Each structure stands twice: as structure tokens, then as C-alpha cells.
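Participant: Protein chains in written order, with UniProt numbering: chain A, 1 to 558; chain B, 1 to 119.
Because the hints were derived from the structure by calculation, they are not lab data. Be careful, since some hints might not be right.
[What the hints assert, rightly or not] Residues from chain A shown here face chain B by an in silico Cβ test under 10 Å; the list is partial:
id, residue
1, 136
2, 141
3, 162
4, 163
5, 268
6, 271
7, 293
8, 297
9, 437
These numbers were taken from a predicted model, which means no experiment stands behind them. Heads up, the beta-carbon is just placed ideally off N, CA and C, and yes, glycines get one too.
Listed here are the chains, written in short residue letters.
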Amino acid sequence: MSLLQISISASVFILAVIFLRSLLIHKLPKITFMFLWGVALIQLLVPVSIQSQFSIFTAAEHLRGMFPVPKLIPTPESSTFVNGTTVIMPPITEHLTARIVPLKTALQISPIVWVWLVGFTLCALFFIIPHLRYRKIYKMAVPIRNDFIRKWQHSNLLWRDVQIRQLDNISTPLTYGIFQPVVLLPKNLDYDDEKQLALILTHEFTHIKRFDTLKKWILATSVCVHWFNPFVWVMYILANRDIELFCDETVIRKFGENTKPTYARALVRLEEKKIGLSPMISSFSKNSTEERIISIMKTKKITITTMLLAIGLVASVVIIFATSASDKTEVAKGVNNPIAEPNAERVPALYQGAITTDIVPALSQGATITDLMPHDLTFNKKYDVPKLIDSLMASKYRAVYMDNEIYLRVMMDNTIQISKDNGAVWKKYGTDQIDAKDFAKWLLINDRNPGYSMEEVQNRLANGAEVKHLVFENAKEMYFIIDRNGVQIELIQPEEISSVLIDGQRMMITSALSAQMLKSFYDLLVSNNILSETHAKQDYSERIKYLEENLPNFIVTK
Amino acid sequence: MVVKLFDSELNIMEILWRDGDTAAKRIAEITKEKIGWSKTTTYTIIKRCLDKGAIERREPNFVCHALVTREQAQEHETTELINKMYDGVPDRLIASLLGQKRLSTEEISRLKRLIDSME
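Starting from the given sequences, assemble the full structure and let the hints guide the process.
Facilitator: Have a look at this one:
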């Protein structure tokens with residue numbers, strides 16, 4: 001999943017939170033919003049997606065299936081595509097898929113990446129330079145000699161050693177430093193007003209206890225990474241406000257509700273001190289101070305009802321907006337199951353056929369093309385079977401395939417050999433060449449259940465991979481995607497036939513498989529010196545065991 | 001001559017007025033112990049005093065000599081407070097970019113009325 005995709009899907013969640021916030025900011029405990037912003041930050045900064053069938057993206061896919069739109073070729077931004085990028089049979093934890101980074105090398109940094117880097121750097125400097133400058137000034141603060149503050153600090157010891165100092169260049173109290181926090185109080189504060197001092201110190205100490213400075217830096221990081229996304233900037237501003245509001249709320253809870261007016265007035269007094277030369281007001285600042293005061297005045301005890309409401313709301317917002325659509329592989333598992341949805345509902349046949357015929361005449365068989373793609377279970381090279389692929393690459397062959405009728409292997413020079421007598425005699429087969437671009441499009445449309453990384457294949461096709469095509473007598477077809485990364489075989493089957501393969505990218509098993517065939521496949525691997533017998537059995541039996549345990553429809557027939 | 005000095009600068013001056021001419025190194029030792037400033041911080045402040053003409057530097061050993069008396073030094077009326085614009089945390093900076101300015105007197109009194117009405 002690319003940064004842009006992450007950014008876009010997180011934007012949906014951010015928008016939902018902004019909407020919720022505008023309605024309920026003064027009604028819900030502030031921790032609700034802190035939590036929601038936290039989820040947004042995880043979405044933005046941690047490249048892992050959690051799937052859910054209640055996701056808004058799942059719903060979007062269903063809608064798309066019901067109302068076919070002409071020319072609906074999934075674009076990189078669309079969620080279908082996003083889900084197409086990852087597939088994944090385990091050993092990865094279920095429902096948790098790691099995103100696959102496109103096959104880009106450091107050598108070819110595209111202009112877009114450059115633009116992003118420049119933006120990122122500028123943005124980071126924009127945060128860091130002023131910070132360093134002001135930090136230098138903050139260091140010039142002097143100790144405060146005030147009995148009340150000393151006593152207060154003694155009765156409010158924190159884990160970290162906190163210094164309270166005074167500075168004449170500031171007008172409002174502030175805290176800086178994550179690990180060695182320093183509270184700075186302005187010189188023109190009324191140091192005799194002990195009530196106000198206690199409120200201020202409690203406020204600043206609450207920030208320190210909660211590592212709010214760190215939170216603000218994480219927020220700043222998200223802005224730097226997603227600088228091109230205006231929603232992230234809006235989130236940045238609102239989340240920073242909510243950090244303050246949450247802090248205010250805590251202080252009021254601590255001092256009791258009757259402190260609300262005192263606290264709000266103290267805030268206004270501090271604002272008052274800032275009044276200087278500029279008479280200009282922007283609605284933004286008006287909003288934020290006003291919002292804060294209203295929020296303070298409206299702080300209420302948290303009742304069980306509001307708490308439950310908040311939890312329910314958070315849970316539903318997160319499930320609906322922060323998860324990605326459930327993986328297509330899930331649907332595929334149900335294909336042999338009578339309850340499973342008919343394919344047509346997901347993939348409108350008419351529209352499929354039309355486009356397909358245009359692009360690859362060989363496939364104009366009338367039937368829904370999707371039906372011709374086998375329902376396979378794929379083990380991905382990167383995570384699942386790296387060793388297996390490695391030993392394949394070390395052998396004389398680039399891919400090995402087997403079904404009921406043929407054995408097939410792709411040689412090092414990409415020629416294709418087929419044996420129809422269980423590996424006794426191998427004959428070289430001729431293929432025809434297919435245009436990689438046409439094939440890329442065709443694949444995108446037809447393989448709605450890619451048991452491999454669609455994104456990776458598309459990248460390879462776009463970067464000069466060659467596509468060879470082989471048609472068999474019974475309408476079975478094979479496409480070979482070939483480049484220096486190896487071979488990948490795409491199967492087209494008129495009816496579902498059992499097959500097993502390993503190529504340079506993955507290991508694949510179709511969902512109906514016999515024990516006999518599996519045995520023959522081991523033998524094929526062993527006789528071609530790809531794996532030793534023990535290895536073959538071990539490697540495959542682990543996968544099969546996993547499939548049998550986790551996929552109810554998967555059976556190895558005796 | 002009247003020189004406006006910040007608290008930090010006054011702290012340096014206090015040392016010079018009390019102890020007479022003092023080497024910068026020694027000042028840094030004193031401030032480190034009494035105020036908790038790092039050497040760099042103290043040197044930065046000494047430099048500001050030099051720039052303002054409050055002290056002068058005499059060689060060898062960077063000895064600081066006060067050019068103004070206690071009477072001539074004035075506490076800085078801090079009209080340009082730095083965190084009017086920026087609080088050390090980046091949000092104020094962003095806010096200022098978006099045009100956040102100080103509240104006007106009318107705004108302040110409106111907020112006060114708001115508090116009264118909600119009380």
C-alpha cells in the first residue's frame with residue numbers, strides 16, 4: 001500500500017472524526033477524541049491494516065459490484081485495488097496483513113518521490129528550526145523563589161524530575177522537554193493568587209504526566225509525512241486543541257466543578273495579557289479560545305451512560321472507518337460452499353466479457369472470465385515460502401507446475417517443457433507473445449481474487465516484463481510473466497481442475513487437491529533436484545496442515 | 001544611559017555589580033550553580049549583554065566589565081513576548097500561519113460575559 005493510499009484511507013477516518021467532533025465535542029468525555037486521534041495517527045504512521053467486513057470500504061465494494069459502472073478499471077487509489085495488493089495465507093496472523101512495498105529500488109527514485117522528500121524536509125525544518133530557536137531562549141529562564149510553588153511541587157512529585165522556572169519573554173505558562181520537562185511561568189503572572197497558581201501548575205503537570213509534548217511531536221511527524229494531505233493538517237490543529245481540552249477537563253475534575261468559572265477566568269486573564277499591538281482577530285483564534293472556555297464551562301461528571309455512549313461510538317467509528325475491506329481471499333474460501341455468494345454478484349459478467357474480448361481475443365469463450373481463473377490458495381514468496389522459492393531459483397528451473405494432465409516446467413532460458421507421461425519424457429512447447437500492457441489491464445479486470453500481490457505483478461508488467469501465452473486443447477490456458485525477477489504463471493481453467501505450482505513468486509494450490517497429486521508433486525520437485533524428499537514433504541505438509549485447520553472447505557482427497 | 005535588560009541578562013549584571021570584573025568562565029560557574037544554566041546558555045546571555053553595550057569584554061581571559069550601573073539598568077518592559085506567537089510547541093506556529101492573532105479587547109470582554117452567562 002503506497003503512502004498515497006494510506007493517506008487517502010486515513011482521510012476517510014479523519015473526516016468521520018472531524019464530523020463527530022463538531023457534533024459532540026462538548027458532550028462526550030474528551031478522552032474519546034484523544035483515542036480517535038490516536039487511531040488516526042496509527043493509520044497514518046503504521047503501515048498495517050486491520051480488515052473488517054463492516055468496513056466502509058467493504059460496503060463500497062459491494063455497491064460497486066451491484067452497480068457496474070462502465071470503464072470501471074480499478075485505479076491505484078480505489079480500495080479494490082488496495083485489497084488486491086495483499087493476499088495472504090499465513091503464517092501471518094489472520095486479518096492482519098502487512099503492506100507490500102512496491103518493487104522500487106533506491107536507484108530509480110521517481111520525481112514524485114523527490115517532491116515528497118522535499119516537502120517532507122521543508123515541513124520538518126519548519127517544525128524543528130523554530131523549536132531549536134525558542135529552546136535556546138527557554139534555557140535562559142531563572143529559578144523561582146516562591147514558597148507556595150515549592151510546597152506545591154513537594155506534594156506533587158512526578159516520576160520525572162520537573163523544574164519550574166520563570167521567564168520574562170513569555171506571556172502564558174508552558175511546558176517543554178519530554179524526558180526532562182521544564183515548566184516555564186511568565187514573569188507577569190500574579191504569584192500571590194495561589195488558587196490560580198495551583199490551577200496552572202496542575203494543568204502543566206497533567207501535560208507532563210501524559211507526555212503531551214511527545215504526542216504533539218508525533219502529530220507533527222504525521223503532518224510532515226502527509227504534508228500533501230489537508231485533512232492531516234486539520235487533524236493536527238484539532239488534535240492539538242483536544243490535548244488542551246482533555247487537560248482542562250482533568251484539572252476541573254480534580255478541583256471540583258465549582259472551579260470552572262475560576263479556571264475559565266484565569267484563561268481569559270492570560271489571553272488578556274497577550275493583548276498587544278495587533279487589533280486583528282481571526283475567526284480561527286476566536287474559535288479555539290471560545291471553544292476552550294465553553295468546553296471548560298460545560299465539563300460534567302462522566303456518567304455511566306455517557307461513558308457507554310462514548311465507547312460504543314468509538315468502537316463503531318473505528319470499525320467502520322478505520323479498517324480496510326475484508327480481504328477477497330475470504331470470499332474465495334467460500335466458493336465451494338453452497339452459501340457463498342454467486343460470483344456474478346461480485347463481478348458483473350456482462351461488463352467483464354465485453355472488455356475481455358476486446359483485449360485478449362483468445363479469451364472470448366462466452367463464459368464469465370472470472371470463472372476461468374482457478375480458485376487458488378497462494379503462499380506468498382516474501383512471507384510464507386521464501387526458502388522454497390530460493391531453492392527453486394537455485395535449481396535449473398524457474399517454475400514447476402502440475403495438474404491431472406500435464407507436468408510443466410520453465411527452464412532457465414524461459415523455454416517451456418511439458419510432460420504428459422508423469423515426467424518420463426519432456427517436450428519443448430512453443431508459445432505466443434502477448435502485449436504486457438494489454439495483459440496488465442486484462443489481469444486487473446479479471447483476476448478479482450488475486451492470490452498474489454497484484455501490485456507487484458502490475459509493477460513488473462509496467463517495467464518491461466514479457467508475457468508468454470500457451471493454450472491447450474481443452475481451453476486451458478497459461479500466461480507466463482517473465483522478467484529478471486523470475487517467472488510467474490497465471491492459470492485460466494475452463495473448469496476447476498486441481499493443480500499445484502511453484503514459480504519465482506509464490507506457491508499455489510487450487511482448493512481441490514488429492515493426496516496422490518501432492519505426492520506426485522513432491523516427486524517432481526525431488527526428481528528435478530529442486531528439493532530433497534524430506535524438505536518437500538515437510539514444507540508442503542506444513543502448508544496443507546495449515547489449510548486443513550483453517551479453511552473449512554479445503555480437503556485433500558484420498 | 002539607560003539599558004533595558006531581560007531577567008537573564010540582569011542575573012549576569014548582578015554578578016558583575018556585586019563581584020566587580022569577572023571572567024566569563026567564572027560567571028558560567030556561578031550561574032551554573034545558582035541558576036542552573038549550561039555554559040552555552042550563559043555565554044549566549046553574555047553575548048547579548050555585549051551586544052546591548054551593557055558590558056565590555058577585556059582580554060586576557062574574557063573578563064567581563066559592567067558598563068552600566070545598577071541605576072542605569074532597567075527591567076525590560078516585555079512588549080514583544082515570544083509566545084504571543086509561538087509556545088515552544090508547534091501548534092501555535094501553525095495557528096499563527098493560519099492567521100491566529102491575539103484577541104481584541106472586545107473579544108476578551110465578550111468571553112468574560114460568556115463565562116458569566118454560563119456560570
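Participant: With reference to the structure, classify each hint as holding or not holding.
Facilitator: These are the hints, each one checked on the structure:
1. Residue-level restraint check for residue 136 of chain A holds (minimum Cβ-Cβ distance to chain B is 7 Å; threshold 10 Å).
2. With its C-beta approaching chain B no nearer than about 8 Å, residue 141 of chain A sits inside the 10 Å limit, and its interface hint holds.
3. Taking 10 Å as the C-beta contact cut-off toward chain B, the hint placing residue 162 of chain A at the interface is violated, the least distance being around 13 Å.
4. Given the 10 Å rule on beta carbons, the hint for residue 163 of chain A holds: about 7 Å separates it from the nearest Cβ of chain B.
5. Here the hint on residue 268 of chain A is kept, as its CB sits about 5 Å from the closest CB of chain B, short of 10 Å.
6. For the restraint placing residue 271 of chain A at the interface with chain B, the shortest Cβ-Cβ distance is roughly 5 Å, inside the 10 Å limit, so the hint holds.
7. Taking 10 Å as the C-beta contact cut-off toward chain B, the hint placing residue 293 of chain A at the interface holds, the least distance being around 6 Å.
8. Taken as an interface hint, residue 297 of chain A checks out: its beta carbon lies about 4 Å from the nearest beta carbon of chain B, inside 10 Å.
9. For residue 437 of chain A, the shortest C-beta to C-beta distance to chain B is roughly 44 Å, which exceeds 10 Å, and the interface hint is violated.
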